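> Please take these sequences and the hints and turn them into a complete structure.
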Amino acid sequence: MGIPDHLTCLLRKLYAGQEATVRTEHGTTDWFQIGKGVRQGCILSPCLFNLYAEYIMRNAGLEEAQAGIKIAGRNINNLRYADDTTLMAESEEELKSFLMKVKEESEKIGLKLNIQKTKIIGSGPITSWEIDGETVEIVSDFIFGGSKITADGDCSHEIKRCLLFGRQVMTKLLFFL
Numbered sequence: 071m072g073i074p075d076h077l078t079c080l081l082r083k084l085y086a087g088q089e090a091t092v093r094t095e096h097g098t099t100d101w102f103q104i105g106k107g108v109r110q111g112c113i114l115s116p117c118l119f120n121l122y123a124e125y126i127m128r129n130a131g132l133e134e135a136q137a138g139i140k141i142a143g144r145n146i147n148n149l150r151y152a153d154d155t156t157l158m159a160e161s162e163e164e165l166k167s168f169l170m171k172v173k174e175e176s177e178k179i180g181l182k183l184n185i186q187k188t189k190i191i192g193s194g195p196i197t198s199w200e201i202d203g204e205t206v207e208i209v210s211d212f213i214f215g216g217s218k219i220t221a222d223g224d225c226s227h228e229i230k231r232c233l234l235f236g237r238q239v240m241t242k243l244l245f246f247l
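Residue numbers (my numbering): 71 to 247.
Just so you know, the hints here were simulated from the structure itself, not pulled from any lab data.
The model shown is predicted, which means the values in this text are computed figures rather than measured ones.
Where a beta carbon is used, it is the ideal one built from N, C-alpha and C, also for glycine.
One thing to keep in mind: the hints can contain errors.
Mimicking BS3-like on lysine-lysine, the simulated pairs with C-alpha atoms at most 30 Å apart in a straight line are [stated by the list, open to error]:
id: 1; residue 1: K230; residue 2: K242
id: 2; residue 1: K106; residue 2: K171
id: 3; residue 1: K166; residue 2: K178
id: 4; residue 1: K83; residue 2: K178
id: 5; residue 1: K106; residue 2: K189
id: 6; residue 1: K187; residue 2: K106
id: 7; residue 1: K171; residue 2: K182
id: 8; residue 1: K140; residue 2: K189
id: 9; residue 1: K83; residue 2: K106
id: 10; residue 1: K178; residue 2: K242
id: 11; residue 1: K187; residue 2: K171
Beta-carbon label-pair distances, calculated as ranges [said to hold, decoys possible]:
id: 12; residue 1: D153; residue 2: I208; range: 17 to 27 Å
id: 13; residue 1: E164; residue 2: Y125; range: 19 to 29 Å
id: 14; residue 1: D153; residue 2: T205; range: 16 to 26 Å
id: 15; residue 1: G192; residue 2: R231; range: 16 to 26 Å
id: 16; residue 1: I201; residue 2: Y151; range: 17 to 27 Å
id: 17; residue 1: A90; residue 2: F246; range: 42 to 52 Å
id: 18; residue 1: L77; residue 2: D153; range: 40 to 50 Å
id: 19; residue 1: I201; residue 2: I139; range: 16 to 26 Å
Take a look at the structure:
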């Protein structure tokens, strides 16, 4: 992906020999080696995760795919925020193909798709899916980036929620005025 060698060397040194301990109500555990993952609370962690996510999407072919949902003349087939990814497709077959490619590319770099957190939503009837013997849940709505997305595309409930939230904030502010 074009990351300069001196930066990858710096990151390797930063992450080499990591150790951690866990504090519980009964005390702390012994120190142990950390072999995978990014440092919790490290300012670089979100950036590193985004690099991995971008690498996965590019290798899965989603960046140049002509499939997805057309918005303002562009094909959009994935939305990402932190560690949440939403894949979009015109058909169920296309979506399943995207999902399997992302799963395969993730596994190549040691990441695993969490089937329990994977959901399917569609504007039409959807058949039951199984991935690695686990059934993928079909939902009529989900939250992405703090907003409710529904199968029918109706956003009136989201507008009402935002108006209610604004009203609650204004009511609290009245006490200060």
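> Please go over all the hints and tell whether each is borne out by the structure.
Consistency of the hints with the structure:
1. Of the pairs offered as hints, the one joining K230 and K242 holds, with about 18 Å between alpha carbons and a cut-off of 30 Å not exceeded.
2. Distance hint between K106 and K171 is fulfilled; the C-alpha atoms sit about 23 Å from each other, no more than 30 Å.
3. Among the hinted pairs, K166 with K178 is consistent with the structure: their alpha-carbon atoms are about 19 Å apart, no more than 30 Å.
4. For the hint pairing K83 with K178, the CA-to-CA distance comes to about 23 Å; that is within 30 Å, so the pair holds.
5. For the hint linking K106 to K189, the alpha-carbon distance of about 26 Å falls within 30 Å, and the restraint holds.
6. Distance hint between K187 and K106 is fulfilled; the C-alpha atoms sit about 21 Å from each other, no more than 30 Å.
7. For the hint pairing K171 with K182, the CA-to-CA distance comes to about 12 Å; that is within 30 Å, so the pair holds.
8. Simply put, K140 and K189 have alpha-carbon atoms about 22 Å apart, close enough for the 30 Å limit, and the pair holds.
9. Our distance criterion of 30 Å between C-alpha atoms is met by K83 and K106, whose separation comes to about 14 Å.
10. Between K178 and K242, the direct Cα distance comes to roughly 51 Å. Violation of the 30 Å bound is thereby established for this hinted pair.
11. Straight-line distance between C-alpha atoms of K187 and K171 comes to about 17 Å, which keeps the hinted pair within the 30 Å bound.
12. Between D153 and I208 the C-beta distance comes to about 22 Å, which sits within the given range of 17 to 27 Å.
13. In this structure, E164 and Y125 meet the distance hint of 19 to 29 Å, their C-beta atoms being roughly 22 Å apart.
14. Separation of D153 from T205 is about 22 Å and conforms to the stated range, judged on CB atoms against 16 to 26 Å.
15. One distance hint, 16 to 26 Å for the beta-carbon pair G192 and R231, holds here, with the actual separation near 23 Å.
16. Against the hinted window of 17 to 27 Å, the Cβ-Cβ separation of I201 and Y151 comes to about 22 Å, which satisfies the hint.
17. Between A90 and F246 the beta carbons are some 43 Å apart, a value that agrees with the proposed interval 42 to 52 Å.
18. For the hinted restraint 40 to 50 Å between L77 and D153, the CB-CB distance of approximately 22 Å leaves it violated.
19. Between I201 and I139 the C-beta distance comes to about 22 Å, which sits within the given range of 16 to 26 Å.
Hint violations for this structure: numbers 10 and 18, all remaining hints satisfied.
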